[in-house]
Amino acid sequence: MKEMWKGNHAIAEGALRGGLQFYSGYPITPQTEVMEFLSFRMPELGRHFVQAENEIAAINMVFGASATGLRSMTGSSGPGISLKQEGISYLSYNDLPAVIVNVQRWGAALGTLDSSQTDYLRDTRGGGHGDYRIIVWAPNSIQETVDLLYEAFEKAEEYRNPVEIYSEAALGQMMEPCEMPEFKERGYDLEWSWDGTDRDHERVDMDQKPIHHTAKFKKIIENEQRWESINTEDAEYVFVALGLPSRVARDAVKRLRSDGEKVGLIRPIAIWPYPKKAFEELPEGIRGFLSIETTDMGQHVEDVALAVKKGFKTNIPVYVHATNQKMPKVKEVIEVYRQLKAGNLKEAF
Amino acid sequence: MKEMWKGNHAIAEGALRGGLQFYSGYPITPQTEVMEFLSFRMPELGRHFVQAENEIAAINMVFGASATGLRSMTGSSGPGISLKQEGISYLSYNDLPAVIVNVQRWGAALGTLDSSQTDYLRDTRGGGHGDYRIIVWAPNSIQETVDLLYEAFEKAEEYRNPVEIYSEAALGQMMEPCEMPEFKERGYDLEWSWDGTDRDHERVDMDQKPIHHTAKFKKIIENEQRWESINTEDAEYVFVALGLPSRVARDAVKRLRSDGEKVGLIRPIAIWPYPKKAFEELPEGIRGFLSIETTDMGQHVEDVALAVKKGFKTNIPVYVHATNQKMPKVKEVIEVYRQLKAGNLKEAF
Amino acid sequence: MATLHLEKERCKSCEFCVTECPKEALSTCEDLNSGGYHYVEVEEEKCNCCGLCYVVCPDGVFEIRAQ
Amino acid sequence: MATLHLEKERCKSCEFCVTECPKEALSTCEDLNSGGYHYVEVEEEKCNCCGLCYVVCPDGVFEIRAQ
Amino acid sequence: MINELVFSGFGGQGVLTAGLIFSEMALKEGKEVSWMPAYGPTMRGGKANSVVKFGDEALGSPNMEEIDVLVAMNQPSMEYAEFMKKEGKVFLNSDMIPDDTDIRNDVEVIRIPCVSLAQQIKNLKGANLVMVGAVIKKCAFFEKNFAIETLKDYFKEKGKGNYNEANEAAFLAGFDAIK
Amino acid sequence: MINELVFSGFGGQGVLTAGLIFSEMALKEGKEVSWMPAYGPTMRGGKANSVVKFGDEALGSPNMEEIDVLVAMNQPSMEYAEFMKKEGKVFLNSDMIPDDTDIRNDVEVIRIPCVSLAQQIKNLKGANLVMVGAVIKKCAFFEKNFAIETLKDYFKEKGKGNYNEANEAAFLAGFDAIK
Amino acid sequence: MAVARKIPKIMEEPTAFCAGCGHGILNRLIAEVLEEKGQEKNHILILGVGCNCNMNFTWGGDKLQCAHGRATSVARGAKTGRPDTLIISYQGDGDAYVIGLSDTINTAYVNTNVTTFAVNNTNYAMTGGQMSWTTIPGQHTTTSASGRDCESTGNPIKVPEIIAQNFDVAYVARGSLHSAKEINKTKKYVRNAIEAQLNGEGFSLVEVLAQCPTNWKVSTVDANEWLKDKVVPIYPLGEFKKREGRDDK
Amino acid sequence: MAVARKIPKIMEEPTAFCAGCGHGILNRLIAEVLEEKGQEKNHILILGVGCNCNMNFTWGGDKLQCAHGRATSVARGAKTGRPDTLIISYQGDGDAYVIGLSDTINTAYVNTNVTTFAVNNTNYAMTGGQMSWTTIPGQHTTTSASGRDCESTGNPIKVPEIIAQNFDVAYVARGSLHSAKEINKTKKYVRNAIEAQLNGEGFSLVEVLAQCPTNWKVSTVDANEWLKDKVVPIYPLGEFKKREGRDDK
Ligand SMILES: Cc1ncc(C[n+]2csc(CCOP(=O)(O)OP(=O)(O)O)c2C)c(N)n1
Ligand SMILES: Cc1ncc(C[n+]2csc(CCOP(=O)(O)OP(=O)(O)O)c2C)c(N)n1
Ligand code: SF4
Ligand code: SF4
Ligand code: SF4
Ligand code: SF4
Ligand code: SF4
Ligand code: SF4
Ligand SMILES: [Mg+2]
Ligand SMILES: [Mg+2]
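Sequence lines, in order, name chains A, B, C, D, E, F, G and H.
No gaps in the numbering here: position 344 of the first sequence is 766 in our numbering, and each next residue is one more.
No gaps in the numbering here: position 10 of the second sequence is 432 in our numbering, and each next residue is one more.
No gaps in the numbering here: position 46 of the third sequence is 49 in our numbering, and each next residue is one more.
No gaps in the numbering here: position 60 of the fourth sequence is 63 in our numbering, and each next residue is one more.
No gaps in the numbering here: position 60 of the fifth sequence is 68 in our numbering, and each next residue is one more.
No gaps in the numbering here: position 98 of the sixth sequence is 106 in our numbering, and each next residue is one more.
No gaps in the numbering here: position 79 of the seventh sequence is 61 in our numbering, and each next residue is one more.
No gaps in the numbering here: position 193 of the eighth sequence is 175 in our numbering, and each next residue is one more.
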C-alpha cells in the first residue's frame, strides 16, 4: 500500500527494510532526520543505533561493524561527508561493504541548506586518498530512494565496496507516495568477515592491491551502469540530468517534444560507475548534449563530456546549464535549449 | 650557489624563502621531513612552528593564522590530506590564502610508501564539499619545487585561495642541485585580514557566493594555466605527463625523436587550472595522446581527454599508461608507444 | 534620578524581565511589535531602576538613563 | 627437572636476558644467526630455570621444558 | 494534467498540514502526488509554505513553477502570485490581506475571511481547514464527502481524531463560503 | 651522455654516502645530478642503495633504469645486475660476494676486497670509500685530486672533518687497488 | 541604587536568537566586558557552528566563522597572527565538547593564551535539538526520544572539571543564566577569563549554562526554572581553576 | 622453582620489531593471557597505525588494521557485530592519545565493553621518532631537536589518570616493561583488562611503558635504564581504577 513518505524517512526505513543493522552518524541539516528516525526505530526493531561524537568516529564505527558482518550505514551532508573521506577510502580498499548517505546541501565551507549537487566530483571520484571508487546512486523520487536503499547492502556485499546514496536536500524534505517493501535479511554469510577465529579474510598482498582493486572496479564498471533514457531514439539534442533536476528536464523534454523538437533525456541513476553505455546506444546525428545540474561551475558535465568523447567517433559539443543553489524550472530549461539551438551558448567541452 | 637539496627539505626551505611564517602539521611518511626540517628551522628564524595533534587541527590552525595575515602552510600525505578536505573547502570558500603540501604516497587506505600520483582527481577537483577549487602545482625537479614554493604565497594571496604543491614520495626523497632564492617578505598588507578592528573583510553575501566564487575560479582558469611543451610543433603523438614520470616521458620523447618518430610532450605544471591552452596550441593532424601516470586506473587521463575534447574539432583518441605504484621506465614507455602505434592499445577515451 | 527606557521593537516577549522585576513593574501588553511579539511595558511609578530587568533581558530592550 | 631451550634464530641480541639473568648464565656469542645477530647462548650448568629470561625476552627465544 | 497548489502563510497557520491533506486525497484517488515544504533559507522570517502537485503523469520538479491554486494566509504570501498561471485561482485570507492589495488581474481572486469563519465556529486553529473546504468547493478537485473523510482520517492517524468534529465544521464553513 | 651509478649494500655499509660523494663531485663540475636513495618498501630487510645520475643534459627518472656502474657491497645487491647496460661495470665487494657467484657475462666485473683493504688501514667504516676510490680510478669520471678534495669537503661540512685522513687513506686504497 | 545601564554598542543590532534564548544574555555579558576593558576594536570572536552562527549577522565586533568543532584550533592560529588582539572562541556544547573535544582539550593542553566561552544548553540546538554529551539524564531530545539513557550513551560530560583538574591552564569556571544573580556571577567569570588573556596568563574557559526554550519545548519562563532545577544540580557552578594570586576576584 | 614456559602459539611467527623493542614483550603478555583464557580463536586485535602495524604479518590471531587514531571507534563497531568475541585495540601513544584522543575518551565515555592497550614509548616511532604528547620534558626527538620544551608544547599527557578520574569505566592501569618484575605486574594488568571484558564490566585501558631503543638512540640495554630512570618517574605505575569488588586481584 502506498503511503506518503518524506524522503529522509524513506532513506531510513528503506535501509531498514533492506537489512540495516548498524547505523552511526552525527547530526547535520538536512540529513538529521534520517538519523532522528533511526534513533527510535532501530531500538524498536532490536537493531543498533549509535549517535557518534563526530563524523570520523561514525564512519570508523561503521568500519568495525561492517568488518564483523553487520549491514552498516552512516550518513551526513556537506562538511560531514568531507570528514568521512579518509574512512571511505579505508572501507573501499579494505573491501568492506557499507552504505553512505549524502543528503546534499549547497556549497563549500559552511554552505547553506539549499538543495544542490555540488558534491558530484568528490563523490564520484573518491574524495579520499588513492585510486578507489565507490558505487554512487542518485535517486530522483522517494520510491526510487527506497528501492535503491533496499538493494544497496546486497550490492555493497557483492563487490565488497561502499555504496553511496546521493540525495539532495529537497529530495530529503519532500513527500511522495511510496510502497515500502518487506523486511529482508541477508540470506548468506559473509565468510570473509571477522569473527575472532582468524579465518580467511581474503586479504590481498600489498603489491597485488592495484591489480586486485582495478579488477574489482572494472567489474563494477562493466556490470553496474544504470540509467534511464527518454525519447533518445531519434533525438538531435540530448539533455543529461540526474536527481531532482532530471524531473525538470523530463518535463522540458515532454513540452519540447509536443512542440516537435527532437530532444531526449539521459538520466544517470548510477553516477559511478557512470552510464557510458547509455551514450553508446544513442543514434548517430546527435548535435549536442546539455547537462542540467544544480552546481556552480558544472561538475556532472565532465562525465557527460567524457562519455560523449568515448561514445562517438565525432566530437559532439557538450553544454552545461548550472543553476547553483536553485532548482531549475521547466521554462528556463526550454529557454536555454532555444538559446543553444540558436547558437548562443558556448559549449563547455 | 647550487647545493644538493633533498626534495622535502627544499619544500621547507623554499617556503621559508617565500615568506612562510606559520606551519602546522602532523607527522606522516613521506612528508615528515618537511615538518622535521621546519621544526628547528622556523624557531631559528623567529617564525612559528606548531606540531598539531592531528591533521584537522593543523589545517584549522592554518585557517586562523591565515585569516590573521600570516603566510601559512600545512602538509601531509595520503590519509592526512583526506582529513584536511573539510578545512581546505573552508579555506577556499572563505577566500583565505594558504599553502598545502601533499607529498604523495601510493594508495587508498593505509597505502604504501611508494611514490605515486593517486591523489590526482581528489586534489584537482576538490576532495571537500561544494564547488570550489584550489590551485595545484606539480613540480618535476627539486629546483622547480623551490621555485614554485617561492611563488606560492603570492599566488595564494593574489586570488585569496589555497595553493597546493603536489609532490611525490620519490621527489621528496631525492636530491638534486638547487639554487635557493633570497628570503622575501610580503611587500603589501592583506587589508581584508582579521586584526580585531572589524574592518572590511570583503566578505560576500550567502546568495552571491556562487557568483563571486565562480568569477574567482574563472579568473584563475584564464590566467594561471602553466605547462611546458616539448617537441609538439610537428607531433603526431603527444605524451602528457606530470611530476617525476614527466621526466621519463621526456627521455622517451628524446629517444623516439632520434629514431625519427614524431612525438611530443605536454607537461602540465599547474594541474588545476588544467593547461587546456597547451592543447589549443597544438598543430592539426595529431593522431593520439598518451597519458603516462603513476596511478592504478588512470586519473590524469580524464583531464587529458577533456582538454582534447575541448581543444580539437575532431575526436582524437586518448590512451593511458598507468603504472600503479611503480615509476615508469623509458624503455617501457617506448614499448607502449610502439604498441599504440601498431593499434594494439585500446583508447581510454 | 534615573529613568527606565524600553526599546519595544527589540522585545521578544520572553518575560524574563517580568518574572525578575522585584517591583512587579513590568508586563507584556496586548499590542504586537513589528516582530509579532507582545512587547513589555513598564509602570514607571513602580520602577526603582534597580536594573534587574536589564540584566536578565536577552535582547537588549532596556536602558537606564541617569539624569 | 626442567631445561632451558633457546631458539637462536629468533634472537636479536638485545641482551635483556643477559642483564636480567640472576645466575649470569647467558651471554651473546661470536657467531651470527641468519638475521645477522650475535645470538645468546646459555651455560646450562649455571641456569636454574627461573624463567626470568623468558619474561624479559621480546622475541620469544626461550622455552623451559619440564621433564 | 497536473495541478499545482501552493499553501502559504506564517509558521503556525497550518499551511503544511493543508498541503498534506490535499496530498492524501490525491494519493487515495491513485494519483501521482508530491508535497514539498519550504525549508531552510526560504523559511527565514517565519514564513512557511507547501507546494502540492498532483496528476496522472509522473511529476516533475516538486517546487513552485506555475501555480494553479495559491492559498495565501497572509500578506507576504502574495509574492508567489507572480508564479501563477493565467486564469489561476488565488484564495486569500481576507482577514489579514487588505482588499486594496495589488493583485495581477489575469488571475481569479477568491477572498475568504477564514480567521473570522474559524472564530465563529470556535476553532481558531481551523482557519487552514476553512481554506481547504473553500478550495474543494471551488475547484472540485475532489468530491466533498471523500474530502471530509480523508481529512478526518488524516487527523485520526496523527492521533488527533478527537478534534474531528471541529475540523469538519471548519471545512464546511469554507466549503459553504463559496457560493 | 648520462652516467648511472648504483651503490648498493646493507644499511650501515655507507652506500648512501658513497652516492652523495659522487653527487658532490658532479655538482662541482657543473653537471646535472640526481641522487635517489632507496626508501620505504625497497628498504625492507635492511637493504639500502642509492642511485646517482649525472651528465650534461636534463635528467630523467632518478630511479634505476640502465646502470653504467654498479657497486655491490653485498650478495643481495647482485640482483640489480639485471638492470645493467651491456659493457657496464660492476664493482663487487669480494670480501662478501663469493667468486663463484653467477654474473652476466656481458658486463665487466671488478672485484675489490674493500673490507679487507679498509681493515688494513684500520678504517673499517671506510669500505665504501675504498669503492669510491676504485670507481674513480677505473672509470675516470673525475680527476683524482679533485675527488679527494670533494670527499674531504663533504665530511667537513657534515662536521666529520677530523676523520679525513683515514678517509683519504681508504679512497687511496681503493684507487690503488685498480691496476 | 540607580545605575545608568545601556547595552553595549557591539550589541546594537538586535539578536537573531529565539525569544528567551540564553545566547542573547551571554552576548551582552561579553560585549559589556569588552567595552569595560576597551577592547571593542581589539577582539576577534571565533564562532563555532551552532545557533551562535546567527552572530555573524548581529555581533558588532570582529568575528570569524569557522568549521564545526574547530574554533579553538582556529583561535590558536589566530592568536599567533595577532598576539595583541583578544582571541575568543564562542561555541556551543556540541561544538566545544563533542565534535570539538580534541581541539578544546589540546588548546588547554598547550595552554594557549585564548579564551573559550562554551554555551551549554544541553542539546544541539541549531540542528533542531538532538542529544548532546551534556544532555541530562532522562532529557527528551530528537535522538533520545524516550529520554536520555545514560547507561548506553554516557553521563553528562564535565569538560571544565576535566580541564581544571588535568591541565595547566589559567582559568576555568561555570556560570548559569537563570537569574539576575547568576547572570551577574557569570559576568564576573567572563571578566576573569578575558582579563586572564589580557594578562597573558594562558587558556581560560567559561562554560555557561543557557536556556534553549525552543528545543527544550517549554515556555521561556519555564526554561529558567528548568535550567535552575534540572540542569544546575548536574553542573556545579563556580570557579574550578582560579587565576593565580587572584582568589580575591 | 622451575616452571614450564613456552611462547604462545599466537607468537609463533617471529616479530618484525627492532631488537629490544617493548612491543615484542607486550605481544607475548597479551598472547599468554589469551591462551590462559582460551581465547586464541575468539579475539580480534584492532590495530592502530604505528610500529604495531608489523603485527599484521606476525600476530597469529585475528586482527584488523584500521586508520590512525581510530582503533577504539572501530572496536566499538566490532563489538556490536561480535559481542561474544574479545575486541582489543592495540595502539601506540600517538595513535591512542594524540590523533585518537577523542576516540579513546569517547569510548571511555560510553564505557564500551572493549579493551585498549596503549603502548607508550614516548615518541612516534613508526614515522621515525617525532615528539608525542607523551614525550618527556627535555627529550630529544626529530621535532624537538633541542629537547622537548613543555612550556610551549604541553606536559606529558596522562590519559589513564584522566579516564580513571573522570569516566565511569571498568579498569585502568599502567605498567612498564623495564624489568622482569614490572613485566610480571604488567601481565596482571593485561589479565585484569581482558577478564573485565570477558565479564562484561565495560571499558578497560592498560597503558604500557615500552622501550624504543631505535628512536631513543640508545643501546637496547640502556633503553631499560632510560625507561626506569627517566620515564617511569613521570608516569606512575599501578592500577588507577580497580575492577569493582576485585581489589584482591
Ligand atoms: C562537520 C559538521 N558536522 C555537523 C554540522 C551540523 N551542525 C551544525 S550546528 C550543530 C550542533 C550545534 O550544537 P551546539 O554546539 O551545542 O550549539 P547550539 O546550537 O546548541 O548553541 C551541528 C551538529 C556541521 N555544520 N558541520
Ligand atoms: C591520518 C594519518 N596521519 C598520520 C599517519 C602517519 N603515522 C603513522 S604511525 C604514526 C605515529 C605512530 O606513533 P605511535 O602511535 O606512538 O606508535 P609507535 O610507532 O610509537 O608504536 C603516524 C603519525 C597516518 N598513517 N595516518
Ligand atoms: S529596573 Fe528594576 S524595578 Fe524597574 S522595571 Fe527593571 S527590574 Fe523592575
Ligand atoms: S526580557 Fe527583554 S525580551 Fe524578554 S520580555 Fe522582557 S523586555 Fe522583552
Ligand atoms: S632461566 Fe633464569 S637462570 Fe636460566 S638463563 Fe634464564 S634467567 Fe638465567
Ligand atoms: S632477550 Fe631474547 S632477543 Fe634479547 S638477547 Fe636475549 S634471547 Fe636474544
Ligand atoms: S534554538 Fe535554542 S539555542 Fe538556538 S536560538 Fe533558539 S533558544 Fe537559542
Ligand atoms: S622503532 Fe621503536 S617502537 Fe618501533 S619497532 Fe623499533 S624499537 Fe620498536
Ligand atoms: Mg548546544
Ligand atoms: Mg609511540
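Honestly, the hints are just simulated from the structure, not real lab data.
Treat the hints loosely; a few may be bogus.
Covered stretches of chain E, as calculated for chain A (at least 3 residues, CB under 8 Å) [stated by the list, open to error]:
hint, stretch
1, 38 to 46
2, 57 to 71
3, 163 to 175
Every residue gets a Cβ at the ideal spot worked out from N, C-alpha and C, and that includes glycine.
Handout entry: Assertion that chain A covers the stretch 163 to 175 of chain E - criterion: three or more residues, beta-carbon distance below 8 Å
Key = Since 0 is below three, the answer is violated.
Exercise for the section: Examine the stretch 57 to 71 of chain E: at least three residues should have C-beta closer than 8 Å to a C-beta of chain A. Expected result: holds (count 6)
Problem - 8 Å C-beta criterion, at least three residues: is the stretch 38 to 46 of chain E covered by chain A - result: That given contact holds, which follows from 6 residues of the stretch 38 to 46 of chain E lying within Cβ reach (below 8 Å) of chain A.
This entry does not satisfy hint 3, going by the numbered hints stated previously; all others are met.
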